[in-house]
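Given chain C's structure and the hints, the job is docking chain Z onto it.
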Amino acid sequence: MADQPIAKDPEKEKRKIKSVSKMKEIMTTYYIEAKTARETGKKVAWITSGGPVEFLIAMDVIPVYPENHGAMVGASKMGVDLCEKAEEMGYSRDLCSYARSDIACSVTNGGPIGGLPKPDFLVCCNNICGTVLKWYEVAARYYNVPLFILDTPFIHTEMSEASRKYVIAQTYEYIDFLEKQCGKKMDFDRMHEVSKLAVQGLRLWQEVLDTAAHKPAPMTAFDAFFHLALIVTLRGTKIAVDYYKQLRDEMNQRITDGIAMVPNEKYRLLWDNLPVWYRTKWLSDKFASHNACLVGDTYTSAWSGVMDLIDEDNFIETGAVAYSSVYINVSLDIMLETLKKLIKKYDVDGLVMHSNRSCKPYSLGQYDLQKLVMKELKLPTLIIEADMVDARSFSESQIETRIDAFMETLKS
Amino acid sequence: MITAGIDIGSITAKAAILQDGKILGTRVIFTGYNSSQAGKTVIDELTKQIDLSVEQIDAVVATGYGRNSVDFATKAITEITCHGAGAHFLNPEIRFIIDIGGQDSKVIRIDENGRVVDFAMNDKCAAGTGRFLEVMARALEVDLDGFGDICMQGKAPAKISSICTVFAESEVISLISKGETRENIIAGIHESVASRVSALAKRVGVVEPVMMTGGVAKNIGAVRALESKLETTIQVSEYAQVNGAIGAAILAGR
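Each protein sequence line maps, in turn, to chains C and Z. With the working numbering, the residue at position 56 of the first sequence is 56, and numbering never jumps. With the working numbering, the residue at position 12 of the second sequence is 12, and numbering never jumps.
In isolation and in its complexed conformation, chain C is listed as follows (with noise of 0.2 Å):
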C-alpha cells in the first residue's frame, strides 16, 4: 500500500480557492501568446502597471508587464540572483527589485519563464513611480525600441484643469504613437468596448474585494494579490470580466456556506504597501496563527480605486482624470482618507504597514500616515521594513517579533 496518496485534510482543502486552477490556465495561456507573438505576427509592448492598457487591448498589442513579472520573480524567490546580477552591472542596491531583476532578466533570460518576450515599443506611465521613467529608458536603449512616455502630475488636493488638459492631450498623443507602431488606424468603436470591458473588470474586481467586508473573510488580502494579475494584465478583455465573476461568485457562495479562509477568524487587519512576494505563505501563517486575517489592503484595491472617475463612454478624457488619480500619485492627506475608508469598510483592528525598501513613492510618508491613523481612529499600528522582491531585505525574527508584539497589544 506504499503508493496508496497521502490522505489530504478535509478542512484544508474546504479552504482553498477553486479558481485559482483557472487562473493559472489563463495566465499560461497569456504568457504563452506574448512569448509566440512573433510566430502570430502579434506586436508586443511592455507597459507599466498603472499605464493605460485598454489602448494596447483596442489595437490588438499584447501588453507584457514588467512588474507582473517583477511579482512573479519574488514568488519564485528568484529576486536574490538577479538582483544581484543586476548589481554586478553597476545598477545600485538602492534601486527598485522589480527594476534590477527586470534588467537582470533581459540580460540573462533569467526568472521563472526564462526572461520576457522581446518588445516592440514601450509605454511607461510615471503615476506609480519616478524609477519607471529611468528603467523604460533603459530598456528602449537595450532593445532599440520606441518608448512613450505619458507624464501624469502629482495631485496635492485636487486635479487641475491645467494638469487634466495637459494628460488628455498626452492620450491623444499615445493614440498616434499606437497608430504608427501598428500602422493602423484606431478602431475607435472596439475602444468603446474595450472601455466597458475595463470598467466592468474594475467593479468586478472590487466587488471580489468587498467580499472580504464579511466576517468571517472568504478570502485574505494574500489572496487578492495572487488573483490580482488579471486586472493589472487583462484589464478590458472579457476573459478579466469571466473570471471575477467566477471568483465573486465563489466568494460569496463560501459566505453562504459559512466557509472562512483563516479558521477561527478573531482579529482583522488591513495590509498597507506592496506584498512581500517570497514571504506571503510565511505572513499569511504567521497572522493565521494569532487568529488574525488580513482582510484587506490597500495595493490589490487601487486599480479599481479610480474606478468612479471613469465614463466608459469617454474615457480618453476621463480615463486621463482616472490615471493619474491612482493611489500613490497623490497627496497623503488624499490617502488618508481613502485608507480610513478601508479602515471602516473592512472594520479592522489594526493596521500593517509594509515598509518597502524598493518602493519609495509607497512608503514615504508612511510613519506620518501611521501617527494620523494612531491619532484619528486610535487604531493600532505595525510598520514591519521588508523589500517585495529582494529577500535580503528581510529579517525572519526581527519580523516575528514586530509581529508577535503587535498582536499581543491587540490581544490584551
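Derived by calculation from the structure, the hints in this document are not laboratory data. Be a bit skeptical, because a hint or two may be false.
Stated by the list, open to error - Capping the alpha-carbon separation at 27 Å, the derived lysine-lysine pairs in DSS-like fashion look like this:
| hint | chain 1 | residue 1 | chain 2 | residue 2 |
| --- | --- | --- | --- | --- |
| 1 | C | K281 | Z | K202 |
| 2 | Z | K124 | C | K371 |
| 3 | C | K286 | C | K245 |
| 4 | C | K185 | C | K196 |
| 5 | Z | K124 | C | K281 |
| 6 | Z | K75 | C | K286 |
| 7 | Z | K155 | C | K411 |
| 8 | Z | K229 | C | K340 |
| 9 | Z | K75 | C | K375 |
| 10 | C | K375 | Z | K202 |
Claimed, not checked - The following residues of chain Z were derived to be distant from chain C, with all beta-carbon distances above 12 Å:
| hint | residue |
| --- | --- |
| 11 | Q49 |
| 12 | I50 |
| 13 | V54 |
| 14 | I80 |
| 15 | V117 |
| 16 | A156 |
| 17 | S174 |
| 18 | L251 |
To be verified - Just the calculated beta-carbon pair ranges, DEER-fashion:
| hint | chain 1 | residue 1 | chain 2 | residue 2 | range |
| --- | --- | --- | --- | --- | --- |
| 19 | Z | F72 | C | K266 | 26 to 34 Å |
| 20 | Z | D143 | C | K77 | 43 to 51 Å |
| 21 | Z | V236 | C | R15 | 24 to 32 Å |
| 22 | C | P153 | Z | R203 | 29 to 37 Å |
| 23 | C | G114 | Z | D71 | 44 to 52 Å |
| 24 | C | S395 | Z | N34 | 15 to 23 Å |
| 25 | C | K281 | Z | T232 | 51 to 59 Å |
| 26 | C | I334 | Z | D143 | 50 to 58 Å |
| 27 | Z | I11 | C | E376 | 37 to 45 Å |
| 28 | C | K266 | Z | E238 | 36 to 44 Å |
Every residue, glycine too, gets a C-beta built ideally from N, C-alpha and C.
Positioned in the frame of chain C, the structure of chain Z alone reads:
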C-alpha cells in the same frame, strides 16, 4: 504561586523567579550558541542559588529572541510585552521604556496598567545597540564594565558620524591616530548610540517618567547621553538587565 521568567537574548540569558509579587532571585549567564541549553542552565543555576527545585515552579514564560527554543516554558511572550510588565512591576508610574540589549534597541510606551500602547525597534542595523558599544570598547581596548565611567570623563565628545558599526570602528581608529583622547572618543561613541535611540524614542513619542532597561542600562555613560538627548531624567532599576525576565515571570502568573 511561584513563577519564572526566562529571557534569552543574543548575548545573555536571564532568569527571574517570583513568588506572590516578590522577587526571589535573578541570574544572568552568557547565551552561547545553544539558546535552548542556555534556558535550562540559567534556570538550574538560579534555582540552586535560591535553594528551590525546578518542580516547585508553577509556570514559566520564555521571552527574548530565543523564546521559542525554551521547551519547558508554559508559553512564549515577546520581550516588548515582558519589558512593559517588568517596568510596571518595578515602578507603576513608568510610562515609557528604553530597552537597549545586545542586538537591538527598542522603545515602548505603556499605559497605567503596564499594557503596551506602542513600540518601535531598530531594524537591520546594529547601531544604537549593546553590540555596537562592545565592538567599540574592544577597538579602544577598554573593559566594557568601565566604558561608561570613562565616557563621563570626556570633555568634548568626538564626532562619530557613521551609523554603521564597522565604519564607525574605522572612524574610531582614525580618531585615535589623529591624537584624540580616549575619553572624548568614548563620549562620542555614547552620543552616537543616544542619537540613534532618541530618534526611535521620538518616533513613538516620549511620555514621562522614563525607565531604561536592558544590559546597556548598567552603562552610566549611555544613560546620561540619552538623558541629555531626550531632555528628561531616566530611571534605572538595579534589576534593569533582568527586567524582561521579571516581566515574563509576572505574566506567567496571569
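Verification of the supplied hints:
1. C/K281 <-> Z/K202: violated (34 Å)
2. Z/K124 <-> C/K371: holds (22 Å)
3. C/K286 <-> C/K245: The hint is violated at about 31 Å.
4. C/K185 <-> C/K196: Holds, because 20 Å separates the two Cα atoms, which is no more than 27 Å.
5. Z/K124 <-> C/K281: holds (22 Å)
6. Z/K75 <-> C/K286: Since the Cα atoms of Z/K75 and C/K286 sit roughly 16 Å apart, the hinted pair holds (cutoff 27 Å).
7. Z/K155 <-> C/K411: violated (48 Å)
8. Z/K229 <-> C/K340: violated (35 Å)
9. Z/K75 <-> C/K375: violated (33 Å)
10. C/K375 <-> Z/K202: holds (15 Å)
11. Q49: holds (29 Å)
12. I50: holds (29 Å)
13. V54: holds (26 Å)
14. I80: Violated, since 4 Å does not exceed 12 Å.
15. V117: Not fine: 7 Å to the nearest Cβ puts Z/V117 too close to chain C.
16. A156: Its Cβ never comes within 12 Å of chain C, the nearest being 34 Å, so this holds.
17. S174: holds (26 Å)
18. L251: violated (10 Å)
19. Z/F72 <-> C/K266: 26 to 34 Å: Cβ of Z/F72 to Cβ of C/K266: about 28 Å, so the range 26 to 34 Å holds.
20. Z/D143 <-> C/K77: 43 to 51 Å: Since the Cβ atoms of Z/D143 and C/K77 sit about 45 Å apart, the hinted range of 43 to 51 Å holds.
21. Z/V236 <-> C/R15: 24 to 32 Å: Cβ of Z/V236 to Cβ of C/R15: about 51 Å, so the range 24 to 32 Å is violated.
22. C/P153 <-> Z/R203: 29 to 37 Å: holds (31 Å)
23. C/G114 <-> Z/D71: 44 to 52 Å: Since the Cβ atoms of C/G114 and Z/D71 sit about 46 Å apart, the hinted range of 44 to 52 Å holds.
24. C/S395 <-> Z/N34: 15 to 23 Å: Because 21 Å falls inside the window, the suggested range holds.
25. C/K281 <-> Z/T232: 51 to 59 Å: About 44 Å separates the Cβ atoms of C/K281 and Z/T232, which means 51 to 59 Å is violated.
26. C/I334 <-> Z/D143: 50 to 58 Å: holds (56 Å)
27. Z/I11 <-> C/E376: 37 to 45 Å: holds (41 Å)
28. C/K266 <-> Z/E238: 36 to 44 Å: holds (40 Å)
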